[in-house]
Amino acid sequence: MMNRMKEAAIIAIGIIGLGMCIKSGMSDFVNKDRRVTVKGLSEREVEADKVTWPIQTKELGDNLPLLYDRISETTGKVKTFLRQNGISESEISVGAPVVIDLNAEQYGSDRHKYRYNITSTITVTSRNVKRVRSIIARQGELLRQGVAVVDGYAGRVEYEYVSFQKIKPKMMEEAIRNAEKTAQQFAENSNSRPDKIMTADQGQFSISDRDSNTPYIKKLRVVTTVTYSLKD
Numbered sequence: 008m009m010n011r012m013k014e015a016a017i018i019a020i021g022i023i024g025l026g027m028c029i030k031s032g033m034s035d036f037v038n039k040d041r042r043v044t045v046k047g048l049s050e051r052e053v054e055a056d057k058v059t060w061p062i063q064t065k066e067l068g069d070n071l072p073l074l075y076d077r078i079s080e081t082t083g084k085v086k087t088f089l090r091q092n093g094i095s096e097s098e099i100s101v102g103a104p105v106v107i108d109l110n111a112e113q114y115g116s117d118r119h120k121y122r123y124n125i126t127s128t129i130t131v132t133s134r135n136v137k138r139v140r141s142i143i144a145r146q147g148e149l150l151r152q153g154v155a156v157v158d159g160y161a162g163r164v165e166y167e168y169v170s171f172q173k174i175k176p177k178m179m180e181e182a183i184r185n186a187e188k189t190a191q192q193f194a195e196n197s198n199s200r201p202d203k204i205m206t207a208d209q210g211q212f213s214i215s216d217r218d219s220n221t222p223y224i225k226k227l228r229v230v231t232t233v234t235y236s237l238k239d
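Residues in the sequence shown are numbered from 8 upward in steps of one, following the working numbering.
Rather than coming from a laboratory, the hints here were simulated on the basis of the structure. These figures come from a predicted structure and were not determined experimentally. The beta carbon of each residue, even a glycine, is placed where N, CA and C say it ideally should be. A portion of the hints provided could be inaccurate.
[Claimed, not checked] Straight-line distance between alpha carbons at most 30 Å, and here's what the computed BS3-like set of lysine-lysine pairs gives:
no.: 1; residue 1: K46; residue 2: K137
no.: 2; residue 1: K188; residue 2: K238
no.: 3; residue 1: K46; residue 2: K177
no.: 4; residue 1: K203; residue 2: K137
[Claimed, not checked] Label pairs and their calculated CB-CB ranges:
no.: 5; residue 1: T44; residue 2: Q91; range: 36 to 46 Å
no.: 6; residue 1: Y75; residue 2: I214; range: 39 to 49 Å
no.: 7; residue 1: S95; residue 2: E187; range: 42 to 52 Å
no.: 8; residue 1: S97; residue 2: E187; range: 27 to 37 Å
no.: 9; residue 1: L109; residue 2: I143; range: 27 to 37 Å
no.: 10; residue 1: N124; residue 2: N92; range: 48 to 58 Å
no.: 11; residue 1: D158; residue 2: I204; range: 44 to 54 Å
no.: 12; residue 1: K84; residue 2: K226; range: 56 to 66 Å
no.: 13; residue 1: Q211; residue 2: D69; range: 47 to 57 Å
no.: 14; residue 1: S95; residue 2: Y75; range: 21 to 31 Å
Based on the sequences and whatever the hints tell you, model everything.
So this is what it looks like as structure tokens:
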């Protein structure tokens, strides 16, 4: 009699255990495909921390040696102007003069007033953006010294934000937090809650000008995509 009772108890315990396993398995089966994929965004505006300023000057004439002397004198005036306004020698680079023989142009049919066009480019590369911007605003002072700065695409000032790698981890963290908030809102609407992160990308990063009038202000943007499992 006792043996039968023990056997019945063991069978009952086995049935209970089996039932719990089946319930757990069914729960996992029901929940395994419950997931939500959301995007998290982080944006900031920062000041550029590097500037590249090409300063182009041009001379026209027929006497090439004389033109070289004139362009060298002009280059000297520009470098003196920069140094007097706080630009160090290491921030200044001078390119070789570029000479165009206008009479040698293959498709030119008209005779030009002058034969030679010689252009010199002095490039300022600096991490002191504010100082360089203040000098750019005063470059008209070179006109008083007879130096005409050529305006054009090749002489466009470029602003960069090179410290992005330092701020990148914080922005990624913020983007993931925002993704989690979105996932929580979605889960509340579906009577569930976010559980584990199933997949997450490293984020899409972009740096752009805030607008065309303030290229020295950069807009940083990080978008990350995260998939969460959902749980009741």
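Need the list of violated hint numbers for this structure, in ascending order.
1, 4, 5, 8, 10 and 12
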